[in-house]
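Q: Protein chains in written order, with the numbering used here: chain A, 1 to 86; chain B, 1 to 427.
Accuracy of the hints is not assured; some may be wrong.
Below, in silico cross-link-like pairs of lysine-lysine (DSS-like), each with a Cα-Cα straight-line distance of 27 Å or less [claimed, not checked]: (1) B:Lys151 / B:Lys166; (2) B:Lys163 / B:Lys143; (3) B:Lys324 / B:Lys338; (4) B:Lys338 / A:Lys84; (5) B:Lys151 / B:Lys107; (6) B:Lys163 / B:Lys216; (7) A:Lys84 / B:Lys324; (8) B:Lys324 / B:Lys307; (9) B:Lys253 / B:Lys163; (10) B:Lys249 / B:Lys307; (11) B:Lys107 / A:Lys84; (12) B:Lys143 / A:Lys84.
Keep in mind that the hints were calculated from the coordinates and are not lab data. For clarity, every value in this text was computed on a predicted model and none was experimentally measured.
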Amino acid sequence: MANAPWLLIRLFFNPLNSNNMGAIGAGIAALGAGIGIGMIGSKATESIARQPEAAGDIRSAMILTAAFVEGAALFAIVVGLLDKVL
Amino acid sequence: MKLALRALFLLVFCFALTSLNAQHDDGDHGDHSADDGHDQATTVHESCSDGHEGYDPASVILHHIADANHFEVIHGVNLPLPLFLYAPGHGFTTGFSNMLGNDEELKSVDGYVMNHGRVNRLADTAGDAMLAGEFDVECILHKVEVDTTGKELDTYFAKINGKEYKLNAASVGDGGLLGGGITNFYDFSITKNVFTMLFAALLLIFLWMAVARGYKKNDGQAPSGIQSLMEPFFVFLRDEISIPMIGEKHYEKFQPFIMTIFFFILFCNLLGLVPFIPGSANVTGNIAVTMALAVIAAVVAYTNGNKHFWGHVLWMPGVPVFVKPLLTVVEVLGLVIKPFSLMVRLFANITAGHIIILSLISLIFIFGNNGESVMGASAGGVVGVAFTLFMNCIELLVAFVQPFIFAILTASYIGAAVEEHGEAAHA
Numbered sequence: 001m002a003n004a005p006w007l008l009i010r011l012f013f014n015p016l017n018s019n020n021m022g023a024i025g026a027g028i029a030a031l032g033a034g035i036g037i038g039m040i041g042s043k044a045t046e047s048i049a050r051q052p053e054a055a056g057d058i059r060s061a062m063i064l065t066a067a068f069v070e071g072a073a074l075f076a077i078v079v080g081l082l083d084k085v086l
Numbered sequence: 001m002k003l004a005l006r007a008l009f010l011l012v013f014c015f016a017l018t019s020l021n022a023q024h025d026d027g028d029h030g031d032h033s034a035d036d037g038h039d040q041a042t043t044v045h046e047s048c049s050d051g052h053e054g055y056d057p058a059s060v061i062l063h064h065i066a067d068a069n070h071f072e073v074i075h076g077v078n079l080p081l082p083l084f085l086y087a088p089g090h091g092f093t094t095g096f097s098n099m100l101g102n103d104e105e106l107k108s109v110d111g112y113v114m115n116h117g118r119v120n121r122l123a124d125t126a127g128d129a130m131l132a133g134e135f136d137v138e139c140i141l142h143k144v145e146v147d148t149t150g151k152e153l154d155t156y157f158a159k160i161n162g163k164e165y166k167l168n169a170a171s172v173g174d175g176g177l178l179g180g181g182i183t184n185f186y187d188f189s190i191t192k193n194v195f196t197m198l199f200a201a202l203l204l205i206f207l208w209m210a211v212a213r214g215y216k217k218n219d220g221q222a223p224s225g226i227q228s229l230m231e232p233f234f235v236f237l238r239d240e241i242s243i244p245m246i247g248e249k250h251y252e253k254f255q256p257f258i259m260t261i262f263f264f265i266l267f268c269n270l271l272g273l274v275p276f277i278p279g280s281a282n283v284t285g286n287i288a289v290t291m292a293l294a295v296i297a298a299v300v301a302y303t304n305g306n307k308h309f310w311g312h313v314l315w316m317p318g319v320p321v322f323v324k325p326l327l328t329v330v331e332v333l334g335l336v337i338k339p340f341s342l343m344v345r346l347f348a349n350i351t352a353g354h355i356i357i358l359s360l361i362s363l364i365f366i367f368g369n370n371g372e373s374v375m376g377a378s379a380g381g382v383v384g385v386a387f388t389l390f391m392n393c394i395e396l397l398v399a400f401v402q403p404f405i406f407a408i409l410t411a412s413y414i415g416a417a418v419e420e421h422g423e424a425a426h427a
């Protein structure tokens with residue numbers, strides 16, 4: 001049973017227990033979080049460069065928004081964990 | 001004073017280094033067969049005399065994340081916690097967790113057995129003779145059974161007098177919606193998380209009573225001592241969270257609640273970051289704790305909802321009539337989903353951080369082959385500790401940001417509920 005097609009099918013559609021899609025889903029969620037937080041960081045640094053006096057306000061807004069974006073990504077990671085548990 | 005502080009710090013540091021064993025020493029049986037679709041090694045313990053081999057990071061990490069009925073000080077030394085157990089038909093069983101024996105000599109009292117830190121009970125099939133009185137347990141066996149739907153279940157057995165008895169975990173509060181289920185007993189004990197929550201509450205009471213005393217003493221004068229440490233915090237909470245979100249008119253009624261939410265979650269997060277007693281419990285990373293906090297926030301917000309709030313939720317003004325029923329459904333779902341998101345956000349952030357730090361520390365044991373290779377363990381130590389230091393700084397940031405987010409969202413839900421007519425911009 002060393003044929004590649006069989007192995008691929010058994011990897012993704014294993015009938016005995018859950019397939020590995022949970023981990024892949026969590027990985028995609030981390031991708032989304034990375035993009036989101038990267039955008040927040042880039043806009044924040046641009047704004048601080050434009051107006052250094054507002055650096056404190058911008059920094060707090062950046063950290064707050066990053067936590068929200070991370071929250072959304074962590075929902076998806078929790079669902080990925082549920083795939084393993086349930 | 002400075003010398004005493006340094007001596008105390010040195011003592012605490014040395015004490016923390018004594019925990020060299022990471023894993024319960026009942027031995028691991030090694031891999032399951034290689035082609036059953038498992039993507040990680042499960043350690044299955046199928047007889048009492050299995051030797052000490054291999055290291056299973058997954059089970060160690062899950063053991064440290066989960067709640068426990070005793071508080072592990074260092075490996076082998078447990079702080080016993082009170083047990084309150086109820087089995088329908090057999091009544092209450094109370095005592096301290098050391099009545100169930102310690103790690104070497106396990107006991108079964110009234111059918112209750114300590115299984116890796118949690119109290120389990122012999123299933124009813126064991127018979128009434130085993131479900132009362134005290135017996136010596138030889139060991140706990142771990143087998144992986146496949147049930148009728150093909151799902152793999154971890155089942156534990158207690159070996160008493162040569163016979164194996166199946167063990168049940170406690171009934172879960174949600175009736176089995178998220179796995180678990182209703183078994184033959186309910187566990188109302190003071191567990192590790194409850195102990196830590198009570199400890200955090202005591203710390204908070206001492207702290208804020210000191211601040212209140214300071215205010216009484218310095219009436220009209222500049223703040224001093226602990227007052228000046230806490231004042232920026234609650235002035236920040238009042239000026240950045242309560243007043244903008246709830247409004248000038250109603251914020252005073254809810255300010256104590258917002259402050260409690262913020263400081264309780266903050267203290268529980270910080271206690272979870274400390275790696276030794278009294279702090280090592282993962283409180284806010286327990287979904288039951290965050291669910292309780294979210295339910296309380298939702299109850300506070302919705303019981304203070306005025307007529308305009310419920311009017312907007314159930315029959316939104318300012319939209320065409322044929323859209324209103326749809327919006328009612330959406331808004332009612334939102335009433336449930338918003339506290340749910342509060343719960344999941346806090347739980348996932350804290351648990352993810354703890355899992356990452358535990359994984360990095362597990363690198364030491366993986367590289368060192370669970371104590372056999374000193375070179376590997378040192379390499380793992382260097383890498384692991386460097387990354388852990390970095391991760392702990394991020395975790396410290398998260399420990400402060402998450403209570404702030406919880407508080408500001410709770411305040412916004414309360415603000416939406418108590419908002420007066422004419423303040424919001426109507427279509």
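Q: Does each hint fit the structure? Answer for all of them.
A: Evaluated hints:
no.	hint	verdict
1	B:Lys151 / B:Lys166	holds, 18 Å
2	B:Lys163 / B:Lys143	holds, 15 Å
3	B:Lys324 / B:Lys338	holds, 20 Å
4	B:Lys338 / A:Lys84	holds, 25 Å
5	B:Lys151 / B:Lys107	violated, 31 Å
6	B:Lys163 / B:Lys216	violated, 67 Å
7	A:Lys84 / B:Lys324	violated, 40 Å
8	B:Lys324 / B:Lys307	holds, 17 Å
9	B:Lys253 / B:Lys163	violated, 61 Å
10	B:Lys249 / B:Lys307	holds, 17 Å
11	B:Lys107 / A:Lys84	violated, 33 Å
12	B:Lys143 / A:Lys84	holds, 18 Å
Going through the hint list in order, the structure does not satisfy hints 5, 6, 7, 9, 11.
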